[in-house]
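S.K.: Residue numbers (our numbering), protein chains in the order written: chain B, 1 to 540; chain L, 1 to 182; chain Z, 1 to 331.
Since the hints were derived computationally from the structure, they do not count as laboratory data. These numbers come from a predicted model, not from an experiment. Keep in mind that a hint or two might mislead.
What the hints assert, rightly or not - Straight-line alpha carbon distances no greater than 25 Å define the calculated DMTMM-like cross-link-like pairs of lysine to aspartate or glutamate that follow:
{"#": "1", "chain 1": "Z", "residue 1": "Lys330", "chain 2": "B", "residue 2": "Asp228"}
{"#": "2", "chain 1": "B", "residue 1": "Lys321", "chain 2": "Z", "residue 2": "Asp331"}
{"#": "3", "chain 1": "Z", "residue 1": "Lys306", "chain 2": "B", "residue 2": "Asp228"}
{"#": "4", "chain 1": "Z", "residue 1": "Lys227", "chain 2": "Z", "residue 2": "Asp163"}
Claimed, not checked - Here are the simulated distance ranges between beta carbons:
{"#": "5", "chain 1": "Z", "residue 1": "Phe99", "chain 2": "B", "residue 2": "Ile243", "range": "49 to 59 Å"}
{"#": "6", "chain 1": "B", "residue 1": "Lys152", "chain 2": "Z", "residue 2": "Pro300", "range": "41 to 51 Å"}
{"#": "7", "chain 1": "L", "residue 1": "Gln66", "chain 2": "Z", "residue 2": "Phe178", "range": "49 to 59 Å"}
{"#": "8", "chain 1": "B", "residue 1": "Gly285", "chain 2": "Z", "residue 2": "Asp315", "range": "33 to 43 Å"}
{"#": "9", "chain 1": "L", "residue 1": "Asp18", "chain 2": "Z", "residue 2": "Val12", "range": "36 to 46 Å"}
{"#": "10", "chain 1": "Z", "residue 1": "Phe178", "chain 2": "L", "residue 2": "Pro64", "range": "39 to 49 Å"}
{"#": "11", "chain 1": "B", "residue 1": "Thr64", "chain 2": "Z", "residue 2": "Gly91", "range": "43 to 53 Å"}
{"#": "12", "chain 1": "Z", "residue 1": "Phe178", "chain 2": "B", "residue 2": "Thr64", "range": "36 to 46 Å"}
{"#": "13", "chain 1": "B", "residue 1": "Thr32", "chain 2": "Z", "residue 2": "Phe178", "range": "34 to 44 Å"}
{"#": "14", "chain 1": "B", "residue 1": "Leu143", "chain 2": "Z", "residue 2": "Phe193", "range": "28 to 38 Å"}
Said to hold, decoys possible - These stretches of chain B come out as covered by chain Z in the derived footprint (C-beta under 8 Å, 3 or more residues):
{"#": "15", "segment": "233-246"}
{"#": "16", "segment": "307-317"}
Glycine included, every Cβ here is placed at the ideal spot set by N, Cα and C.
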Amino acid sequence: MATPKPDQMEYYKHDDMWAVDFLPPSTGWMETPVNFRPGSFIYPGKPKHLEYLGIPNPREWEVTADDWKLPDNWREIVLKTLRNRLERSRTLQVFMDVCVRCGACADKCHFFIGGGDPKNMPVLRAELLRSVYRGEFTTAGRLLGNLVGARKLTIDVIKEWFSYFFQCTECRRCSVYCPYGIDTAELTMLGRELLLELGITVNWIIEPVSNCYRTGNHLGILPHGLKDTLEFFAEDIEEITGIAIEPPINKKGAEILFVTPSGDFLADPGTFTCMGYMMLFHELGLDYTWSTYASEGGNFGLFTSAEMMKRLNAKIYAEAKRLGVKWILGGECGHMWRVLHQYMDTMNGPADFLEVPRSPVTGTVFENARSTKMVHITEFTADLIQHGKLKFDPSRNDKLRVTFHDSCNPARGMGLFEEPRQIIKSVCNNFFEMPENTIREQTFCCGGGAGLGTDENMEMRLRGGLPRGNAVKYVQDKFDVNTLACVCAIDRATLQTVCDYWAPGVEVTGVHEMLANALVMKGEQKRTLNLRMEPIGDDE
Amino acid sequence: MKDLLLARQKQISKRWLDKIFESYPSDTSRFLSRESNPFANPVGRTFEQETSELCRLVLEGPDPEQLVPHLERIIKIRAIQNLSPSKAVSFVYLLKAAIREELGDCLVDSARHHGLEAIDRHIDQLALLSFDVYVKSREKIYEIRIAEIKRNVSRLLSGSGIFEPSEPDDSPHQCSSRGSGR
Amino acid sequence: MNALYSLIAVLVLVAVAILGVQALGLQLFFGGILPYFAFAVFLAGVVFRIQRWARAPVPFRIPTTCGQQYSLPWIKSSYLDNPHTTTGVIGRMLLEILFFRSLFRNTRAGVEPGLKRVVYSPSLWMWIAALAFHWGMAILLFRHLRFFLEPVPQVVSAVIWADGFFQVGVPVFYITTFAFLLGLFYLLLRRLFIPQIRYISLPNDFFPLFLLLGIGTTGFLMRHVVKTDVVGIKEMMQGLVGFHPLVSEGVHYLFYTHIFLVCVLLVYIPFSKIMHMGGVFLSPTRNLANNNRMKRHVNPWNYPVKVHTYPEYEDHFRNKMKEAGIPVEKD
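Next up, chain B with everything else stripped away, as it sits in the complex (with noise of 0.2 Å):
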């Protein structure tokens, strides 16, 4: 008779039910089975996305169930694959070969922080691809076996890939820390990339990707939506501040292409930071345009493949010359900001056609952007505060409390730390930074990033939050902060979320959210709301 399980009623006559409760399972990894746990994993992608998209293999099939109704050939495409892929790149031929396993990434990711599962290790979740290379690559792996690390290619090794590889957020954390940099995140970006070849990945990336290479952005909103909630938006603004203001849209020969994730159409608190850019560019008479059809700068294509990602970022250029722009300007997004500053140019460049970054406002050249043509909203304003061409109120942001998470990829795939920094210091009166091996390269992520950011997996989103949740709560106990800024649409939508439930009574804010409720415009009313329609000051 097999073991009873904890659901099973037996489970609970067992006489020695306490004795084997508390032990752990005593088993290599390799023979560690995986336990796919509601809540802890997402809901494979529908065949229709897969179909529209010309992924292989699209089929209907359950993470739970024994047969995931692979193709016959599964294990050639598998190999095929990885074999072509690592002959393609240098990085990850270093990264299969490299490791010395030294353990100094071990306990730097959060999802085996909080979560404690071994295989989360990122030298394990990197080993669960290496077994398989060196056993069905390498000489040494084909002959000694487990001896030196290798296994065979099986359909349970499949489903661990599934769990591991959708169970990392690609934020390089671990990457800090290695002797030889290797980069988890690569990794991960490779073994989804196996499974993709399959036709297994999850729905709330794939979904989103067809949504975006359908409609120009990962929701799914269509030219005239976007129009009606930009014009919303601008409603509540002149509600608040008694300033009307025209968003323009697929405007032909506007100087600036303004592009930031579509989340930041839809979801709360996204939607306020929206407003502030609509507003700080009305103030600043900035000639910018809007575009339907590059309505989305995030770009989920990064979390499916390569190529998915050329696909979708390909808009972005395509429509700064079709609009005749001088330069692109990008909103507060997390793994947008990672593929515009390392892919972009790679990918779809060069952009010849476009002008290097010049402030219309300043006359600062950014040198920086000067082959990918494309600056960060925070690089622009740091640049408009530097210059005194803002004017603030900063005191109507004397209710919060602020601490400034750094979201993984700005600040591991660019190295962006003060330019945030100086705005949030000039909009507000009120801030205190979280200790110091929780922010800036050290940062640890929500929990959501790289795809994993949907509800049936609260449990794992919470596991992988509990370090960054640790610190807000350290910050809120010490010095009563309430409120958790971020430039990242991701962190906006989860660690609010995560705050919730590690920090209970901190607000997720974005940067331009509290930059625009501290700016003063020419010819408002006098302001007694915030973009949230919340009286600012203490009395009513």
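Once you've looked at the hints, dock chains L and Z against the given chain B.
M.R.: Only chains L and Z this time, still in chain B's reference frame:
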């Protein structure tokens, strides 16, 4: 008996904590017990702090109102660690074992054994409380999950035509919500 | 278990060498033939591995940025942890290779709240041990040049003098011998006793440690315990270098064991993780400048992909766009 326990309180709570750590995979338990920075190792340090408080309260004769906040901080973590409900609250019973181990030979004396029964009752009480707290934590998870979905579609006005309608076969099971700050 | 397999393997190797020399009289084979073979395999293997890596394309520029980027003139950029120039990258790589910068990153001394004592994380010890081991080995190898070169270059003599600065014992004990052996011991104990590390360790993580320990121990014994005939050894080494291998009489069998283990190591290196010594130079998260938006990085296999073009998009949504008053290309 009570004096004896209070005198050994520190050792007992240490044993209890070790037992809790041991219930994690060995590679994890080492990390939990060794890494001392509370930000690098929030789980280990929270457990350390809260078990020692709980241990003190239980030995002194517990007051549920005082117990709950400490219990909450531990169970909040256990509730999201992929543990079955029984396992998530099982750590309370480890305190019984910790006390018996620590006292060891002293327990032969039957009078003292009697004293232990009182403590056992306190621990049982703690276990019942922890069940309440566990359920509360789980409810909280569902609550914030719903709150997040609502936030994510806050600007979605039905019939506004913002969205292109999805193809008709949008089956409800294993289907993600739209939105969520993409 | 993994450790045991490796230990047994190394012990078998030691036994092979001792038996070969003592029972079968294969001095010339171990001291004069095998080294050529091992060196050839080592050289060919390492060159093959490095050139294979070097020839593979680097599709994307993906440095891990560990400090403030270079952006606006009044914001001080982190020149070494987030370099945007080639000199910065060289500086970063030097720090990484010579001083294990990244490993140092997770060593911090902190006051543990409540306990009021300074706590060092275990990784500080790992950093120290790794430095001691690698630097010890580098200097120790350099010292060995005195066996191969005649006359011994002054710089080698100078290093030998400095290394034995404390003038303890006869013959003098070298500082690096201890640094090397202690560092090695720590790295081994770590793998054996920290469950987290033991869990991820493979037999081929233990094997090189035991092998190096064997090499170090035989070397130490030769110099300080059996005090073997150094002149004879030098003659043999000179013979090897001059391609006329010979066997000096009276050289202790430990010497042959030492040489044999070194040969095994040389052959083992190209097929193992010890190739990290070459790989560290090629890691794209460290050896590329964070100048992505300044200078375009070219991907050699960048192929065209299927995209949803603007005309296709407009065809799909034209009516809705027109109704909403959004400008379109075609009416």
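S.K.: Checked against the structure, which of the hints given earlier come out wrong?
M.R.: 3, 6, 10, 12, 15
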